[in-house]
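Peer 1: So for the sequence shown, our numbering puts the first residue at 839; every next one is plus one.
Any given hint could turn out to be false.
Derived Cβ-Cβ restraints for the label pairs, each shown as a range [what the hints assert, rightly or not]:
(1) ASN919 <-> GLN995: 15 to 21 Å
(2) ASN913 <-> ASP1014: 23 to 29 Å
(3) ASP941 <-> HIS876: 25 to 31 Å
(4) ASP1014 <-> MET922: 28 to 34 Å
(5) THR938 <-> HIS876: 31 to 37 Å
(6) ASN913 <-> GLN877: 17 to 23 Å
(7) ASP1018 <-> GLY1043: 15 to 21 Å
(8) ASP1029 <-> THR907: 37 to 43 Å
(9) LYS1037 <-> GLU925: 21 to 27 Å
Just so you know, these hints were derived from the structure itself, not from any lab. Nothing here was measured: the structure is a model prediction, and the numbers come from that model. Glycine included, each C-beta is placed from N, C-alpha and C at the ideal position.
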Amino acid sequence: MVFPQHKKLSYLLNDEEKAEIDSICSFDSKHLISCDDHQYIAVSSDGTQIVTLNAETYQLKLCKFDKITQLREINCAGFKNIDMPLEKIKWSLSISNEFTLADGTIDVLIAVSHFKSEINYKSHFDDEEIDDINNYSDDMIYTEKSLASTWIISVAQQSRIFSSINNLGGIVKFLDNKGDDSTEIVLINMDGIIKYLIKHEKIRGMINKKHND
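Based on the sequences and whatever the hints tell you, model everything.
Peer 2: Encoded structure:
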């Protein structure tokens, strides 16, 4: 699925990032979804981390590429209470490269986003309304925002990180770490592209902010 870019992007992207985003958009979903359409898998940019998602049970599991049989379940409070109708939403899954915090803690970030599937308007409008479908706004045909959410999860803390994209949904992808102090993620949806920077030193504070809100 390819989403059109918004005329005014939230952040300016360089040529390398644009190329990476183009590859994300053109990536065939069959590489991310198993034959039953409820199992998802993602690999980190450096190829060392693998995460799986069972969209029926909301179960996340993590392993390293060289230890693929040693799956570790991620128990993030609240994640299994999403309770979304499977037939009405689509999922996107991504995992960051491993990084080390200042105190020596090794962490990995997982991003899970769900958003409203495209509505088949033929099942919602009669023939006369279909003839006049051009009069309907995008918001009337695509109402994905009501079922949209993005979870960024710290594996080390087993907790959700508070972010400005919490209530947005779309295709998510962690970019290659540009340095040792931050991780970048992009979210692509019908509204455009959002690039979000996560400072490693602020992860615990972002988790605490979520709990205090």
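Peer 1: Quick check on a hinted range of 15 to 21 Å for ASP1018 and GLY1043, using CB atoms only.
Peer 2: 18 Å, holds
Peer 1: Taking the Cβ atom of ASN919 and the Cβ atom of GLN995, is their distance within the range 15 to 21 Å?
Peer 2: 18 Å, holds
Peer 1: Looking only at beta-carbon atoms, does the pair ASN913, GLN877 fall within the given range of 17 to 23 Å?
Peer 2: 19 Å Cβ-Cβ, so the 17 to 23 Å window holds.
Peer 1: Look at the Cβ atoms of THR938 and HIS876 and judge whether their distance stays inside 31 to 37 Å.
Peer 2: Holds, since THR938 and HIS876 (Cβ atoms, about 34 Å apart) stay within the stated range.
Peer 1: Would you say the C-beta atoms of ASP941 and HIS876 sit inside 25 to 31 Å of each other?
Peer 2: For ASP941 and HIS876 the Cβ distance comes to about 37 Å; the hint is violated.
Peer 1: Given the hint of 23 to 29 Å, check if ASN913 and ASP1014 actually sit that far apart at their C-beta atoms.
Peer 2: 28 Å Cβ-Cβ, so the 23 to 29 Å window holds.
Peer 1: So does ASP1014 sit 28 to 34 Å from MET922, Cβ to Cβ?
Peer 2: 30 Å, holds
Peer 1: How does the Cβ-Cβ distance of ASP1029 and THR907 compare with 37 to 43 Å: does it lie in that range?
Peer 2: 40 Å, holds
Peer 1: Taking 21 to 27 Å as the hint, is the beta-carbon distance of LYS1037 and GLU925 inside that range?
Peer 2: Between LYS1037 and GLU925, where Cβ atoms are some 38 Å apart, the hint is violated.
In the structure shown, a violation is registered for the earlier hints numbered 3 and 9, in ascending order.
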